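> Start from the sequences, fold in the hints, and give me the full structure.
To convert, note that position 99 of the sequence shown is 99 in my numbering; the numbers rise steadily by one, no gaps.
No lab work stands behind these hints: they were computed from the structure.
Because the structure is a prediction, the values reported are computed rather than measured.
Possibly wrong hints are sitting among the right ones.
Unchecked claim - 25 Å max Cα-Cα, derived SDA-like pairs, lysine to any residue:
1. K118 / D63
2. K98 / A82
3. K98 / S61
4. K119 / G76
5. K118 / N73
6. K41 / S80
7. K108 / I59
8. K108 / S45
9. K118 / E103
10. K118 / A86
11. K118 / L65
12. K118 / D75
13. K108 / L79
14. K108 / P46
15. K98 / P36
16. K98 / L79
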Amino acid sequence: MLPYTMLDRRLRLILAGTLVFVALGASLWISPPQTPISVDKLMSSPTEHENSVVVLRGIVSNDSLDMQSFSFNLDGDNLSVAVNFAAIAVPNGMSEGKTIIVEGTFSKINDNWSLTAKKITVGCPSKYNAG
Numbered sequence: 001m002l003p004y005t006m007l008d009r010r011l012r013l014i015l016a017g018t019l020v021f022v023a024l025g026a027s028l029w030i031s032p033p034q035t036p037i038s039v040d041k042l043m044s045s046p047t048e049h050e051n052s053v054v055v056l057r058g059i060v061s062n063d064s065l066d067m068q069s070f071s072f073n074l075d076g077d078n079l080s081v082a083v084n085f086a087a088i089a090v091p092n093g094m095s096e097g098k099t100i101i102v103e104g105t106f107s108k109i110n111d112n113w114s115l116t117a118k119k120i121t122v123g124c125p126s127k128y129n130a131g
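Spelled out as structure tokens, the structure:
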């Protein structure tokens, strides 16, 4: 039989580990990470996503990045969507022709669909390919 202090220490470690595990599980359950969808998928049925938070994968359109109006167009294979990024800072490395991930609220403004960006991620395009 283990001495009382050793047993007490082991019990505290098990309790702490269980608490960490439960906290991590709860955080994933409350806000699971969203898988990026393509611009074409979003724009083929925009009303399904109206006024909801979406995560989009696309290419910043050439000649569309406007630092005065804080906007650009995000291209898919066949369709595109306007993105407004006035509320956030532009990440380093973002430029026209780059593949990016944009998270934001998708809505219809003045009869045009647009995405109000909350987060923009720039990186290697292979990271964005779904399974």
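> Now tell me if each hint is right for this structure.
Verification of the supplied hints:
Restraint check for K118 and D63: the C-alpha separation of about 22 Å stays at or below 25 Å, so the hint holds. For the suggested pair K98 and A82, the alpha carbons sit about 15 Å apart, so the restraint of at most 25 Å is met. The straight-line distance between the Cα atoms of K98 and S61 is roughly 8 Å, inside the 25 Å bound, and the hint therefore holds. About 18 Å separates the Cα atoms of K119 and G76, which keeps this hinted pair within 25 Å; it holds.
Under the criterion of a C-alpha separation no larger than 25 Å, the hint pairing K118 with N73 is consistent with the structure, at around 15 Å. Taking the CA atoms of K41 and S80, the gap is near 10 Å; set against the 25 Å cutoff, the hint holds. Taken as a hint, the K108 and I59 pair is honoured in the structure, with Cα atoms around 21 Å apart against an allowance of 25 Å. A hinted pair counts as satisfied when its Cα atoms are at most 25 Å apart, and K108 with S45 qualifies at roughly 13 Å.
Restraint check for K118 and E103: satisfied, since their Cα atoms lie roughly 6 Å apart, inside the 25 Å limit. About 9 Å separates the Cα atoms of K118 and A86, which keeps this hinted pair within 25 Å; it holds. For the suggested pair K118 and L65, the alpha carbons sit about 17 Å apart, so the restraint of at most 25 Å is met. Between K118 and D75 the alpha-carbon distance is near 18 Å, which keeps this suggested pair within the 25 Å criterion.
Taking the CA atoms of K108 and L79, the gap is about 16 Å. The hint holds against a cut of 25 Å. Simply put, K108 and P46 have alpha-carbon atoms about 9 Å apart, close enough for the 25 Å limit, and the pair holds. This hinted pair checks out: K98 and P36 have alpha carbons roughly 16 Å apart, not beyond 25 Å. The hinted pair formed by K98 and L79 meets the criterion: a straight-line CA distance of about 16 Å does not exceed 25 Å.
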